[in-house]
Amino acid sequence: MSSPTPAIEIQNLKYAYGRAEAVNDLNLSVQRGRCYGLFGRNGAGKTTTMKCLLNLLRPQSGQVRVFGLDPAKHEVEVKRRLAYVPDQVAFYPWMTVRETLDYLASFRDRWNAMTEQSLLERFRLNPAQKTAGLSKGQRTQVALIAAVCPETELLVLDEPTSGLDPIVRREFIETVIGAYQEGDPGNRTILVSTHLIAEFEGLIDEFTIVDGGQSVLTLQADEARDRYHKIRARFPHTPPEIDLSHALRVKKTGRELELIVNGGGPELLERIERQNPESLTTESLTLEEIFVATLQA
Amino acid sequence: MTVTSARLVKEARALFMPWCAIVIAAPLIMLPSSMEVLPGIFEFLSTASFWLGIPLMASLSLGNEFHYGTLSMLLSQPVDRTRVWSDKIVVLMAAVVSTGLLYLISWREMPGEFVAAGAIWMVVTVGSATFWTLIARSTIGGLVLNVVQLFPLIGLFILVNWMVRPLHPAADLDAVDVFLAVFALIYGCLMFWLGRRKLAAFQATGGFAGGDLLMTSPGVMGGLLGQVLRCRPKGLVLNLIRKELRLLWPVWMLMILCVVGLIILYPARNMQWQDNEWINGPFLAVCLVGIYALLTWILAGALSVGEDRAAGTLSWHMTLPVSAGLQWTIKLIVVLATTLVGLLLVGTTGALIYGKPFTDYLGEPLTRGRLLQSLLAFLSFPAFWCASATKGTMRAALWAIPAAYVVVVAYIIGVVLAMQLANTRIIDAAAAAVHSFTITYGTYDLIDDLAESWPLILVAIALVQSRRLFRREVQESSFELLRRLSWPVSAAFLLGFMPQLPLSFAEHNWRAGRMLVSEIHGRTAVLGLTPENIGTLSNPRQLSPEETEKIVLSEPAKLWLKDARIVVYGGTSNVLNKRNLEPQPTRWTRVHLANGWVCNAGGTFLNGQPRTGPAWCADPTNRYFVMNNSWLRSLLGFNPWRPRW
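Residue numbers (my numbering), protein chains in the order written: chain A, 1 to 297; chain B, 1 to 645.
Treat the hints as calculated values from the structure; they're not laboratory data.
Be aware that a few hints might be false.
[What the hints assert, rightly or not] Between beta-carbon pairs, the in silico distance windows are:
no.	chain 1	residue 1	chain 2	residue 2	range
1	A	118	B	228	50 to 58 Å
2	B	345	A	118	43 to 51 Å
3	B	479	A	128	19 to 27 Å
4	B	375	A	110	55 to 63 Å
5	A	245	B	17	55 to 63 Å
6	A	63	B	82	44 to 52 Å
[Said to hold, decoys possible] The calculated EDC-like cross-link candidates involving lysine to aspartate or glutamate, where the alpha carbons are at most 20 Å apart (straight line), are:
no.	chain 1	residue 1	chain 2	residue 2
7	A	251	A	288
8	B	234	A	116
9	B	198	B	177
10	A	136	A	159
11	B	234	A	77
12	A	252	A	278
13	B	10	B	476
14	A	252	A	223
15	A	14	B	547
16	A	14	A	70
17	B	562	B	549
18	B	391	A	87
19	B	234	A	151
20	B	198	B	113
21	A	251	A	278
22	A	73	B	473
23	A	230	A	159
24	A	73	A	87
25	B	10	B	113
26	B	234	A	109
27	A	73	A	9
[As the list claims (entries may be wrong)] Simulated coverage check for chain A against chain B, where a stretch passes if three residues somewhere in it have a Cβ under 8 Å from a Cβ of chain B:
no.	stretch
28	65-74
29	103-117
30	223-237
For every residue, glycine included, the Cβ atom is placed at its ideal position computed from N, Cα and C.
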């Protein structure tokens, strides 16, 4: 039975590096069993938010809760229930892959050796190789194995697929992350920050777009796809003047008109139809398109 | 700014701060020893800055590129590699030559051999720096290899002297010295050329650690030792200890090298360096142990946290389910244990090989005092603290000694300031108003004990701060480190100032009271006292306000004697007049201060020359207040308390 306590709860979080505000009044709630996306440009405050969750940084204002616990007060308890893959993975270069995984396993109460073996084979990693000789992508692979094998309740992934080749990236997202959540449906939560939004399209249940340290948009993925549409109309002559004030973005190219709308699509469609376009199509936006449209708007 | 000057400025900027530090240390040796807050500290700082600073600066030039991961970018620029090398060398030479000249001036009192050895050291270490830094792929690794390469060279020098001297006992050995100097110069030039060649052919291989020899140490830890230190899937604490021991391998290597060096020097145990009796085998062994101890104190503390921070593995550990406190504790214990084991092993080896002459050089406390040896291990802590407070092993290593020194100086300033403050008119006025110098032995000892336990209190404060900083993400900035250093510095100042203030206040009051009553007693002679009108101990004569006004002249005395009562009485004594055994009449003065204190002076013969006898003040319980001989007073070598009376 799932507890009503959210896996992650962030309220009015603020953090600044000197005078530079990294996170400013951010609110976020991630329910258990969800795959939650944290999207934003470089320097938007995603990594800082994650570091506050992990107690790597102390919030200067606001509060952060993981499974209802304050990471600063219940540091070990919180970390026992989560695994983290940072954006820049670092290991001790004198250790082999095998030794690194053994070392990390010693921190955990639980470690799925079968998953470890299977992932090592899938990623074609040589356990006897020293981590000093691993490429950036291979280091990320080791970090991903180390994050998945303890089978924790929460997986915090900061740009997990950066540096991975397309094949491994796809395999990781579709197989590894999918399998992780299916291992205990409804209880395993993922918080992922990524630029490669399209790659996580099928996995994300809910997301928040942050910009300048603030939450710009928080939506369920399905709801977002329902609300955000791209309308394309082609007219026999130059597009007529229509009230497009509800559109997020308007692009006119010759006889074509392309709109991105956030809700209010049917009314706008009706208005365009009245102008007798040659063709009129509408389609849902991908999460990446929503991200771009939101930030450009 | 031209392209060339921009590149030179970039190189100069990288060396500027270390250059400043080394240059500032040079003239310290010329300062009078009375200004030293710790005996010999100026000489130590000046010489250590030179012997370690020059190779460090030479390694930094290229080591910084490894540290910041900019070497690949630098070498990928459309500039010939030899040009990159020459830019670095030009700036390095300017820095080294200017430093060398300054030291030449500062060390003009030093023996000629010492200065010549310094010049050779400069040539060899600067010439070899590029080569060894490229081998080690880090500043510290380059520094260690650069210094270690000199051991066989020094051994060769000793061997040549040792072999030549018995063969030509009466010969002028200048030719040998010249030969050795030329040999060193040729060696330095050869290494210089090899370094240039190495950079020209350098391949930027290696992963994220850039193949740093300190971190990867290929092959060194293989075999049995590698198996012992290999992490296991179970046993968290043991794994953390293994990891720490592995992280400190350069310190272990240094220890092994030092032991080997002591063994190699064994044939030279009876050797003397030409006419200098004090330069002999045991002396060289002690020097070797000294260099080892200094490097260990700095490296053990700096490497443990510094390398973890630099590699990014510290942040990674903070995300694992083990408390930061446990990780910090394990790190600290392993650092202290490594230092202690190293010092004991190296010290014991030296004592076994060289016997009494070696232990005589080190001194009894260092060789026999186990407690002192244990405390010596704690000298790694400043570097450990610096590594907790900043990012980067190098920065932590560079700041370790200055940081410790600044803290000690802050304490001394606190003490001296408190002492000086006790001499001001404000304190006089306050003391005169309340006469609150009723401090007893017990109170004094308590405060004195507290004042002397300042290192413990300060270490406790620094430990707490280090633990807090350990888990934080810190910036790579000297300013940040200084900002954090302000806490222990402030604590040290207060630990010096706060306990010393009441002590100095009490001391001042005691001395002032003593002088006051002496002054009054001396002045009572003008009252024309006779055995008939002076009164007795049981029935003393109280001075009238007019008489009091006549004898109390100084302003401080008037302040102190507000509401006081002065009595005089006579007596007889032969104790102070051994030439005449007949008891002689004496006069005594007693001042009853407003707060109940009684100050006495007396024993002056009425029929002799007026002279001041013993004077003392007693508190109401009649326990005399006596100043303790503070360790600080002996440490300072002067009495900072200067009474204005």
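Hint by hint, here is what the structure shows:
1. For residue 118 of chain A paired with residue 228 of chain B, a C-beta distance near 31 Å fails the hint of 50 to 58 Å.
2. The hinted window of 43 to 51 Å between residue 345 of chain B and residue 118 of chain A holds, with their beta carbons roughly 47 Å apart.
3. At roughly 45 Å, the beta-carbon separation of residue 479 of chain B and residue 128 of chain A lies outside the given 19 to 27 Å, and the hint is violated.
4. Evaluation of the 55 to 63 Å hint for residue 375 of chain B and residue 110 of chain A yields a failure: the beta carbon distance comes to about 44 Å.
5. Judged by the Cβ atoms, the range 55 to 63 Å given for residue 245 of chain A and residue 17 of chain B holds: they are separated by roughly 59 Å.
6. A beta carbon spacing of about 58 Å between residue 63 of chain A and residue 82 of chain B contradicts the range 44 to 52 Å that was offered as a hint.
7. For the given pair, residue 251 of chain A sits about 18 Å from residue 288 of chain A by alpha-carbon distance, which is consistent with the 20 Å threshold.
8. The straight-line distance between the Cα atoms of residue 234 of chain B and residue 116 of chain A is roughly 16 Å, inside the 20 Å bound, and the hint therefore holds.
9. The hinted pair formed by residue 198 of chain B and residue 177 of chain B fails the criterion: a straight-line CA distance of about 31 Å is larger than 20 Å.
10. Among the hinted pairs, residue 136 of chain A with residue 159 of chain A is consistent with the structure: their alpha-carbon atoms are about 13 Å apart, no more than 20 Å.
11. Taking the CA atoms of residue 234 of chain B and residue 77 of chain A, the gap is about 19 Å. The hint holds against a cut of 20 Å.
12. At roughly 15 Å between alpha-carbon atoms, residue 252 of chain A and residue 278 of chain A fall within 20 Å of each other, so this suggested pair holds.
13. About 18 Å separates the Cα atoms of residue 10 of chain B and residue 476 of chain B, which keeps this hinted pair within 20 Å; it holds.
14. Taking the CA atoms of residue 252 of chain A and residue 223 of chain A, the gap is near 27 Å; set against the 20 Å cutoff, the hint is violated.
15. Restraint check for residue 14 of chain A and residue 547 of chain B: the C-alpha separation of about 76 Å exceeds 20 Å, so the hint is violated.
16. Taking the CA atoms of residue 14 of chain A and residue 70 of chain A, the gap is near 16 Å; set against the 20 Å cutoff, the hint holds.
17. For a cut-off of 20 Å, the pair hint linking residue 562 of chain B to residue 549 of chain B stands: about 12 Å separates their Cα positions.
18. Between residue 391 of chain B and residue 87 of chain A, the direct Cα distance comes to roughly 19 Å. Compliance with the 20 Å bound is thereby established for this hinted pair.
19. A threshold of 20 Å between alpha carbons decides the hint, and for residue 234 of chain B with residue 151 of chain A the separation of about 17 Å falls inside it, so the pair holds.
20. For the suggested pair residue 198 of chain B and residue 113 of chain B, the alpha carbons sit about 33 Å apart, so the restraint of at most 20 Å is broken.
21. Among the hinted pairs, residue 251 of chain A with residue 278 of chain A is consistent with the structure: their alpha-carbon atoms are about 17 Å apart, no more than 20 Å.
22. At roughly 18 Å between alpha-carbon atoms, residue 73 of chain A and residue 473 of chain B fall within 20 Å of each other, so this suggested pair holds.
23. Our distance criterion of 20 Å between C-alpha atoms is broken by residue 230 of chain A and residue 159 of chain A, whose separation comes to about 28 Å.
24. Of the supplied pair hints, the one linking residue 73 of chain A and residue 87 of chain A is violated, its CA atoms being roughly 25 Å apart against a limit of 20 Å.
25. Note on residue 10 of chain B and residue 113 of chain B: the hinted pairing is violated, with a Cα-Cα distance of about 36 Å set against a maximum of 20 Å.
26. Distance check on the hinted pair: residue 234 of chain B and residue 109 of chain A sit about 9 Å apart at the alpha-carbon level, within 20 Å; holds.
27. Proximity of residue 73 of chain A to residue 9 of chain A is assessed by CA-CA distance (about 15 Å); at most 20 Å being required, the pair is judged to hold.
28. Chain B is given as covering the stretch 65-74 of chain A, and this is violated because 0 residues of the stretch bring a CB closer than 8 Å to a CB of that chain, at least three being needed.
29. Counting residues of the stretch 103-117 of chain A whose CB lies closer than 8 Å to any CB of chain B gives 7, which reaches the minimum of 3, so the coverage claim holds.
30. With a threshold of 8 Å between beta carbons, the proposed coverage of the stretch 223-237 of chain A by chain B is violated, since 0 of its residues qualify and at least three are required.
Taken one by one, the earlier hints fail for this structure at numbers 1, 3, 4, 6, 9, 14, 15, 20, 23, 24, 25, 28, 30, listed in ascending order.
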